[in-house]
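Just so you know, the protein sequences line up as chains A and B, in that order. For the first sequence, position 125 matches number 125 in the numbering used here, and the numbering has no gaps at all. For the second sequence, position 47 matches number 210 in the numbering used here, and the numbering has no gaps at all.
Treat the hints with care, as some may be off.
Unchecked claim - When the alpha-carbon atoms are kept at most 25 Å apart in a straight line, the in silico SDA-like pairs for lysine to any residue are as follows: (1) K443/B - A138/A; (2) K137/A - E454/B; (3) K137/A - S462/B; (4) K137/A - G390/B; (5) K269/B - S153/A; (6) K443/B - S153/A; (7) K239/B - R208/B; (8) K269/B - L135/A; (9) K34/A - R132/A; (10) K137/A - R208/B; (11) K269/B - F94/A; (12) K227/B - F49/A; (13) K137/A - S263/B; (14) K269/B - E53/A; (15) K137/A - Q419/B; (16) K269/B - K137/A; (17) K137/A - R262/B; (18) K137/A - L418/B; (19) K121/A - E465/B; (20) K121/A - V92/A; (21) K34/A - E88/A; (22) K269/B - C106/A; (23) K137/A - I427/B; (24) K121/A - E457/B; (25) K269/B - K34/A; (26) K137/A - V312/B; (27) K443/B - V151/A; (28) K137/A - P420/B; (29) K121/A - Q346/B; (30) K137/A - K239/B; (31) K121/A - S462/B; (32) K34/A - E75/A; (33) K137/A - M259/B; (34) K137/A - F252/B; (35) K137/A - N446/B; (36) K269/B - V56/A; (37) K137/A - S258/B; (38) K137/A - R430/B.
In short, the hints are calculated from the structure, not lab data.
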Amino acid sequence: MNPRKILVAVDASANALRAIDYVGEVVAGRPGFKVRLLCIEQLPHRDLFENEESWVQACRNGRAEFEDFLEQGRERLLAMGMNEEEVEKNYVAFCHSPFNDQTSRCSMGTSVALEILETVKSGGFGTVVVGRRGLSKAEEFLFGSVSNKIVHSARDCTVWVVS
Amino acid sequence: MEQDFRDFVLEHMPHIERRRIGGLYTDTTDFTSIGYGDVIRLADRHYMVLRDEAERRFGIEDFKFWVKRCRCLETKEPAILKLVFHEEFTQQIGSMRIRSFRSATKEARILDLVRDDPRFMHGFSARDEAGNLVRVLEVIRGKRFDEVVDALPGDHAFYFHNNLRPVLNTFIDACEAIGFLHQHGEQHGDVRRDHLWMETSTGRGRWLDFDYAYETRANPFGLDLYGLGNSLLFLVGKRIYTPHVFEGMEGSEALQPGDFSPVIRNRLVNLRRLFPYIPKPLNNVLLHFSEGAETFYDSVDEMLFELRPCLDLLPNPQEPKEGAP
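Okay, chain B solo, but in the shape it has when bound (with noise of 0.2 Å):
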């Protein structure tokens, strides 16, 4: 049998050292034994395991043994396998500690709520022969959103002029996409600037990984806001929102309390402080996450409404300028 199993691998990857091929698993409920050379047969297809994913968070790589990237041995695709990690834990967020948990069947409803819509990564669940939802992924070929940004040229100033806006676009896409999530009772659950990917092929942003979920029920999408506001504030910023970055600017020195996030409070938003160039109504929206603010949004949409307008009070670097030949 296991004769067989390994011609049958041999068979479609034919490049793989036979010594390298290991178990055949159907059973993916201890899946840190599960590792390169593995094959997970799911749903009447072999996936051949090439390792381990990992997210690079503060220089770190940070291993998730339950993800796997593997090959499809039948189709020759690349997919990402996330296996069951059943995990409940307290996400400290400055002062704030919230409940929250890692669910499969979340990210699997997720996926077939999105399953034709572009603004998110897509793949389909399947239960192995022990009853685990596992999830498989296409993989989205492009680049970390916040890295694309990061890598624009300039200082803040060229950036604003010249990249702002197609930037804000983007995002404008991908806060509409949440707003969908929650329109349909979904929570995205980890809204951070490193899940949104921009995809090579079409240049749009995807967010990926749902299976996040937490417990604020008062206000169930407050997280997902927040996760927004941090993402904006980047993105409009461009990195410059610490006092190690921003210490010694000009308008540094006049800083307010009330300028800065209520959660994290080091975290500067009121950017217009630093930079008068950026328009008042974008730096209102922005201050609707300061400790200063008298109200927050409640919404994507109450968020939107006033972020829209705001593409067009920003330069256009297609447009030429006043004077140019």
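Here chain A stands alone, though its shape is the one from the complex (with noise of 0.2 Å):
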């Protein structure tokens, strides 16, 4: 496992951009360090709409969002001093999706924090990064806590929690 490889695990929120900025602090401007900003696309459930036109429309708002907090994140890191080369996006599209993707891998959705983890181990990074949302207990219970997971689970590398 390479520590400078470091995994920046996102989604569309200012725990997420937080952590960005944590990360281009502490490498930017310093040689050998690779970051990966990683969503793993979590799309709003498809009953919630009263038809399959208004979930598909919110499935490519909520797309669009992901993508371009990804291109922000990627933005903000080179003006912090990283070069292009360092600074890579990895998008995993939900399988479920309405959009028929053909991509080599998607999310089952099952668990973002083991999705991570997984991307981790294949990709062989040696720091994971995610932001925190300050949830209580009962919250992380039902809602998950993907930084909780994450820390309590990964193996073989070093997790930095940014709240």
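Fit the two chains together into the complex; they arrive one by one in their own frames, and the hints show the way.
Here is the structure:
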């Protein structure tokens, strides 16, 4: 595992932005670091919507928001002094999205944290970075805490939790 | 025309009194006006309505006016018709509020998905003339699994030594069924112990009622897992997990806040405090649903990975006891 190979797991939240900024502060301008911004797509539940069209539109909006965020994150790191070749984006689409994506990998949506850790392992990342939402125990129980799950399940890598 | 319709009903159901035959409905939008004696026509079949279905919760009959117990006139088979009832509400679970909704489309989709899967209720969906997506469900002949367990004889120790292993075996099968839904991107939506029925003819557990959906995007199956945890707690504890039940029992004086559910604060999860013969690995699975847990299960697979080996740690009532003749 290479600790200078850093995976930053993001959604489109302010916590994720803080995590990107932190990574930029620490590694920008220092040689040998590679940063991948990873977004595991989470789309709204289709049954929330009156019909298929409105769900598809909401998914389209959601995907655009995530992709914009990834690009903003990349530009942010570049602006902080990282080089183009040091920063990459990785968008993992939801397997059950309405878009019939032809990708080699998709997210089942059962556990964002475990899918992040799978990427850490398969990509040989030595450091994984996540933002923290600051949930209560009950909220964590029902709504899930990606950061907590990663802290407790990560093996052979360092975890940075940015709050 | 009305005369013809009544003759048609009498032809298929000769024992019914003519005056009891109500109206013929091809549009089920106003489901509250459909009652005993009315006939719903759907997909070339006619369903005589016998009554509204009800769920018994907390000792009270809760009538579901959109769910009709029927008999198909053509096949003579019983059927349950679930009519479209749009409902969006907020579930209060402990101190948490979760946006939830009832979706006919979701249930219809799952019925298609589990068409040949014996772990679920079966049925099909069809639209009435007004476009309402009606679900036609088969009637499961059996009993609620929790009631079957509740009725088992003896105290907890007797239950543990004689029944828990087969009970847990059935529950694991039921968990795998929920995991199957999740793998297909579907939530059950209302995992409760009274939604798991034990079919009399096969002895298998079958899940019912898939029309609830809820919004917990970061942890889309969290509420289903919560329901499985509650069910497991019921099965392992045989209903002994609330203060009014365990008060005064040996071990209850040593309980800590971390032994309880983070969601329902008076629900004891660390059952080994009361029943020290519960194997630690099984208790550890329960502890994943406790306030003291460092991390919770994200998926059914994760839970089953730790739950399955527990079966072998439980007394097997089939095996002769050591020293027995």
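Task: In rising order, the numbers of the hints this structure does not comply with - done: Numbers 5, 8, 10, 16, 25, 26 and 30 - these are the hints that the structure violates, sorted from lowest upward.
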